[in-house]
Amino acid sequence: MNSRQLEALFDRLFPINRSITGNGLRKSLAIIGEYIPLNIIEYKSGTKCFDWVVPEEWNISEAYIEDQNGKRIVDFKENNLHVMGYSIPVFGIFTMDDLLPHLFTIPEKPDAIPFVTSYYKRNWGFCLSHNTLLKMKDSSYRVCIESELSEGSLTLGELLIKGKSKKEVLLFSHIGHPSMANDQLSGPLTLVGLASRLLTKKEMLKYSYRFVLAPETIGSIAYIARNKSRLRKRVMGGMTAACTADHGGFTYRTPKRGNTPFDTAVETALKQSGEIFEIHGFSPLGCDERHFNSHGIGIAIGSLMRTPPGQYPEYHTSLDNKDFISFDKLTASVDLLESAISNFESDCIIQAIHKNCEPKLDKHGLYPTTSNKNDKNQETGRLVSIWALADGRLLSEISTGLGISTVEARKLADKLAAHKLIRIRETL
Amino acid sequence: MNSRQLEALFDRLFPINRSITGNGLRKSLAIIGEYIPLNIIEYKSGTKCFDWVVPEEWNISEAYIEDQNGKRIVDFKENNLHVMGYSIPVFGIFTMDDLLPHLFTIPEKPDAIPFVTSYYKRNWGFCLSHNTLLKMKDSSYRVCIESELSEGSLTLGELLIKGKSKKEVLLFSHIGHPSMANDQLSGPLTLVGLASRLLTKKEMLKYSYRFVLAPETIGSIAYIARNKSRLRKRVMGGMTAACTADHGGFTYRTPKRGNTPFDTAVETALKQSGEIFEIHGFSPLGCDERHFNSHGIGIAIGSLMRTPPGQYPEYHTSLDNKDFISFDKLTASVDLLESAISNFESDCIIQAIHKNCEPKLDKHGLYPTTSNKNDKNQETGRLVSIWALADGRLLSEISTGLGISTVEARKLADKLAAHKLIRIRETL
Amino acid sequence: MNSRQLEALFDRLFPINRSITGNGLRKSLAIIGEYIPLNIIEYKSGTKCFDWVVPEEWNISEAYIEDQNGKRIVDFKENNLHVMGYSIPVFGIFTMDDLLPHLFTIPEKPDAIPFVTSYYKRNWGFCLSHNTLLKMKDSSYRVCIESELSEGSLTLGELLIKGKSKKEVLLFSHIGHPSMANDQLSGPLTLVGLASRLLTKKEMLKYSYRFVLAPETIGSIAYIARNKSRLRKRVMGGMTAACTADHGGFTYRTPKRGNTPFDTAVETALKQSGEIFEIHGFSPLGCDERHFNSHGIGIAIGSLMRTPPGQYPEYHTSLDNKDFISFDKLTASVDLLESAISNFESDCIIQAIHKNCEPKLDKHGLYPTTSNKNDKNQETGRLVSIWALADGRLLSEISTGLGISTVEARKLADKLAAHKLIRIRETL
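Here the protein sequences line up with chains A, B and C, keeping their order.
Residues in the first sequence are numbered from 1 upward in steps of one, following the working numbering.
Residues in the second sequence are numbered from 429 upward in steps of one, following the working numbering.
Residues in the third sequence are numbered from 857 upward in steps of one, following the working numbering.
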């Protein structure tokens, strides 16, 4: 999927009212299922998931605040951020004093509608721009929230692309926020773009790749609870992706217990990307990756972002919309992940077979006979370097030093192996 | 003890002529004993202390240089730095040529009287300002030193504040210099201030705190020689304090074998102090801490200073006087040590009990229901962070990362423990 | 050997046409043999050396290009770089089109004659300045190369200076390039200068020093192949030297498996040299040291340079001549190596005998009684520091921290040992 196709999908998904459960989430996953063969999984309300319980399902059809002239001041139809997530049904006339505790604005960003939820404590509320609030001069307003909280289920989507090995890389993105762009659709779209590309080269994959799109926190916890032993047995690495479409450079957070070979592959891809990037250690205040990395689970999942959640002013407001993001940046995030996976697939352990001083490369047909002098030297130098450092380490450790991708380094390592100068062992 | 009380004690101690033995030292410790219940210990002259021997006791009643008109050019009564420490008795008329090798000045600081001693080689001398020397035009001078070197003892003061455990923190300061402020009284005053505060919360202390005030080098060596096996068995950490009242930021030197949890507590306190600070490794050219850290002793004692000895021009001269120091800085040094000890007392090993994804904090009553939004997030985030990193490490390692003191972190850890989300083990 | 003597030797060696085999190389080694007692070793053509074979010997008597007027445009007699190394014999008239693929110039350095060889692929060619090429307007030229490729041998020189121990330091420099200064004669001259100095203090040497002057790549590989088991048994460290006479600061590359005590000695010497220097890790694209460090050999050989090969524009051209180098810098390179060896010879393992607080230095006669105050303090402080850190580590680790050479530190350590305060164990 290219930038235009990702934009088209974005346009279909953006208007839908999503929450951590409900029909909006279900519909969003169904649309994504038209692009990649997603399995839809439902966990019933009340399902115990470690310390948590899947909540009742929330659906909403209408919500507004009407002034004394019957004019709708705030209307859910115009922007689904207007209603606090998981609002209980309300219908009645409220004095301004009684209404005010249920109104949420951001005085310092007077045009922005904030994103507010109350998943686990029964409440209701409206989110509106501070400018709108300032115009509300009537003494009382008519309020309507036609919502429903009832037994239902939490929906998530899963796709396993099987490679030669059952060892898996896990790629997770949270889905379940209403109409926001960077902190909602960018993550799922990155994974959809990536999955669509991996599906085209399925036969060549060494590892299996498991994609999970699920609501934040309760979604990842429920998924881990249901799949704990398989995850612990199979997952070799992976990441969560969120906020991957803004104009900032990349930020990658490594897993709690430090780098896996998958993280090295990400790092190599970041170095090759030409973009600005930062790599940080694990944060206990990150996103869903913290549950994967938690005590008793211990799965080494990193976290890819551009500008991290909370570090841009549009975060969790109506300003985090299509104008705020770039589909080129989103596509570059897909490219980065594709490149990381190519590096990871190419990685191997190399051990010199040839010993006792450098091999005479021309004798082994590895000294190019006709070629531009500079190129020749570079390839020769790299062959020599890979051989010289082949002491049982990962190829990826060497490729980073040579300033080339592990994919390129693997081509050279394969040449050396074909001439029995080194031995290659797959990392599986 | 606050800044004013420390100044009052300073004023009583400053005029006294102290040396590594003698009545001035004895009197100084007796005065300090009015503030904290110090045990006075005497080691007799001739006592063997490893490679060293307690020297004869030195006392002095009068010392002066008189010109040919009977005018006293230099008089011990005016400043006790005027006599070289451990000067033997002298009485007679000396030509200027014979006198000169016994006169000590600092030409590049012409107003300063230097501090000179000859503890282990019999000698006598006067220290004077270079300006005074320049005025000495007579051909001969009458010299008098009424001193006595005789069998006696070396005096030191010790205070043990007992906590629940017999494990001790050792706090040492050298005492035994004549009238100087930063490189003499600041260290003992810091420890007196600290001890007076710890005495008020004695019942709450987990560890025991042992304070030792003794002469430099021979005092610490004698103390170690007499207490070696107990020190090696009981002392978990500690520090020497010297030069803690000048206007500079803090310098802390860690023990020879690297950081103990007590040093981490000091580091956390330094970070919280708001003052400029540097932390360096062990120096074999430090003060008394080098004997505690030496081969065969191996007690991990650090060293707290503001501007280190020798690194300020007033060092070891009459210019290191009350004007040179600040009682606010001295009090801040006491505060720092008190805060370090609070951190040390609060430290503990934490291990998660709750496993399998994050605990649902509201369920455990740990999600504040009413509070300022920002505060709420901060406490919640810290609780989550402490739980997430509770893999058997010291709490102090986490608190530093969270930017809070170990005391604050311990309150949060205690909450988590009360809800059986983590287990706390005291560091004893 | 001093700067003038090295220059005189340079002047004798510079004009000789050297290659990786042949009479020029043989003659160069014979001249060097007049200065140091070099053993000349010959390896016959066809000798197998691991993956390599000693090639046929190459000799050349005459080579030129004549224009249609019989004027010699390019003549080997004027500069031996004019002929591609290992050119086969050629005699005939060539059209300019046929000649061109055999002419080598550097268009961006139009005055420089490049250095080109074809050791392992039969070929012939001339190297000339680009300006000369631009003047060649005739349609054809007469070409003559009177060379011979035949069974013979590869020549190298070896000198062992025996110390008390059979443990060796290996010092290698490649010889076998024609008339170039920095990347040819500087390395061998550095080693000749060093050897001539070590010979004068032979009786005092703890270690043995083996000097090897051999052609690049095939020379070092042949030497390793013939001496593998002895090298692996005896060599404790060492280095290659090349490009040591230009005006740049030093660059030292450590061996592949990291620092040996010899490398520490080099580092200490670099710090004491007063010159700018850089220390880098092993490069698989270095010079002959890469064969010593290779799989199956594993000898820890570093590499000393000033400006590294390829990093100055005169490299491998006729511009790398006497004007380009400095005999003072060359001599400073000899000094550096001599100082490194002095440090290495002085190094030892030190362990405190005296325990339990600091020794009383005056009691042991180690506290200078009469001396300038500042000097006294420095020596006393260094004695105390060496004793305090004598926990079984190398003296060289401490000397670096004290800012003195290992030679100076050893004098102090010997004093401490004479008073039984520390125990010294030679590093042999």
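Among the hints, erroneous ones may be present.
In silico lysine-lysine, DSS-like type, Cα no more than 25 Å apart, as pairs [as the list claims (entries may be wrong)]:
hint, chain 1, residue 1, chain 2, residue 2
1, C, Lys1276, A, Lys135
2, A, Lys355, C, Lys1276
3, B, Lys563, B, Lys499
4, B, Lys788, A, Lys121
5, C, Lys1276, B, Lys476
Honestly, the hints are just simulated from the structure, not real lab data.
(request) Compare the structure with the hints numbered earlier in the document and write down the numbers of the violated ones, lowest to highest. (result) Hints 1 and 2 contradicted; others consistent.
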